[in-house]
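Novice: Between the sequences and the hints, there should be enough to build the whole structure, so can you do that?
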Amino acid sequence: MESITDRNIPMSGVATDYSFVPLSPAIRIDRIYTVHYFEYMNDFSFPGERHDFWEFLCVDKGEAVVTAGERRFTLKKDEIVFHQPNEFHAVQSNGEIAPNLVVVSFSCDCPAMDFFRSKTLRIGEAERSLIASILSEAERSFSTPLDDPYTKKMELSADAPFGSLQMIQLYLEQLLIRLIRQKETPVSHRGRADGDVYERLLSYLENHLTCQLSIEQICRDNLIGRSQMQKLFRERSGCGIIDYFSRMKIDAAKQLIRSQRLNFTQIADKLGYTSVHYFSRQFKKVTGMTPSEYSVSIKRLSEEPEFRKSNPR
12 MESITDRNIP
22 MSGVATDYSF
32 VPLSPAIRID
42 RIYTVHYFEY
52 MNDFSFPGER
62 HDFWEFLCVD
72 KGEAVVTAGE
82 RRFTLKKDEI
92 VFHQPNEFHA
102 VQSNGEIAPN
112 LVVVSFSCDC
122 PAMDFFRSKT
132 LRIGEAERSL
142 IASILSEAER
152 SFSTPLDDPY
162 TKKMELSADA
172 PFGSLQMIQL
182 YLEQLLIRLI
192 RQKETPVSHR
202 GRADGDVYER
212 LLSYLENHLT
222 CQLSIEQICR
232 DNLIGRSQMQ
242 KLFRERSGCG
252 IIDYFSRMKI
262 DAAKQLIRSQ
272 RLNFTQIADK
282 LGYTSVHYFS
292 RQFKKVTGMT
302 PSEYSVSIKR
312 LSEEPEFRKS
322 NPR
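Note that my numbering gives residue 47 to position 36 of the sequence shown, counting from 1, and the numbers run on in steps of one.
A few of these clues could be false.
[To be verified] In silico lysine-lysine, DSBU-like type, Cα no more than 35 Å apart, as pairs:
| # | residue 1 | residue 2 |
| --- | --- | --- |
| 1 | Lys295 | Lys87 |
| 2 | Lys72 | Lys310 |
| 3 | Lys242 | Lys296 |
| 4 | Lys130 | Lys88 |
| 5 | Lys87 | Lys164 |
[To be verified] Between beta-carbon pairs, the in silico distance windows are:
| # | residue 1 | residue 2 | range |
| --- | --- | --- | --- |
| 6 | Cys250 | Thr27 | 49 to 59 Å |
| 7 | Lys281 | Met124 | 37 to 47 Å |
| 8 | Val297 | Ser168 | 18 to 28 Å |
| 9 | Gln177 | Pro58 | 27 to 37 Å |
| 10 | Ile235 | Glu81 | 45 to 55 Å |
| 11 | Met124 | Ser303 | 37 to 47 Å |
| 12 | Ser303 | Pro160 | 45 to 55 Å |
| 13 | Ser225 | Arg61 | 43 to 53 Å |
| 14 | Met124 | Gly283 | 37 to 47 Å |
| 15 | Phe126 | Tyr215 | 30 to 40 Å |
| 16 | Gly283 | Ser129 | 21 to 31 Å |
It is worth saying that the hints were derived from the structure and are not from the lab.
The model shown is predicted, which means the values in this text are computed figures rather than measured ones.
Glycine included, C-beta positions come from ideal geometry on N, C-alpha and C.
Specialist: What follows is the structure, given as structure tokens:
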């Protein structure tokens with residue numbers, strides 16, 4: 012019988028024929044400067060700036076007019092643009108649609124960042140999930156509100172979770188890698204069957220925001236079983252489909268409020284609420300404030316920083 016001493020293994024039991032693979036990151040984020048999520052009025056205008064680090068702007072809802080150097084263009088939902096270091100950039104609402112925007116600024120000197128110069132890209136479900144993770148981690152990591160467009164320094168929260176900044180770094184690096192890989196991956200190969208069903212259901216809900224929906228009607232119209240649908244939504248969104256639909260309605264209401272074209276009664280009627288009082292109760296349940304309080308708070312974000320300093324929230 013062969014003994015352990017007959018093999019090419021030291022008596023210590025540690026094998027010596029392994030070799031390592033050195034890790035050389037293709038994308039490495041050195042610093043995070045700001046993480047923002049904005050809900051702008053339909054007449055908001057940010058005059059513009061330039062700085063020596065990267066910044067991306069992504070439209071979560073609505074659309075925005077973007078200036079990037081000599082270019083001026085409309086950025087629509089699920090589109091993302093990167094501003095390279097020292098490029099002048101500005102953003103404003105188009106006067107019609109009140110946009111929701113994600114803005115993240117960071118430092119990265121990797122050659123791979125050349126891919127993003129002067130490009131407008133479209134994000135998919137995976138990229139949206141990574142951006143949502145960045146925002147979620149930032150909310151827990153920083154005491155600085157994410158909705159102040161004039162923030163110059165993010166203050167770390169005293170009770171930030173362990174490794175929170177590294178998590179933001181990792182999510183952001185994954186996002187950049189996925190966007191670069193898009194050019195290598197045919198659109199038809201992205202996503203799985205569940206993702207297709209989920210996206211179809213989201214589109215259905217979006218097209219029925221003015222209606223009152225029941226689970227039975229959603230299942231019937233989409234040829235899907237109740238348990239399968241609820242399981243899918245809890246896995247993807249963390250809540251049931253009716254709760255998700257309620258939040259979608261309130262998001263739509265917030266956008267209509269910021270568009271400044273309808274009063275609260277008209278908004279309630281447009282979104283299928285039985286009364287403005289019920290709409291107001293649902294709005295406060297989801298947002299923690301009444302429609303009037305929300306309108307005032309959002310308008311104040313559009314004021315000049317000098318005025319806001321003398322009138323703090």
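Novice: Need the list of violated hint numbers for this structure, in ascending order.
Specialist: 12 and 16
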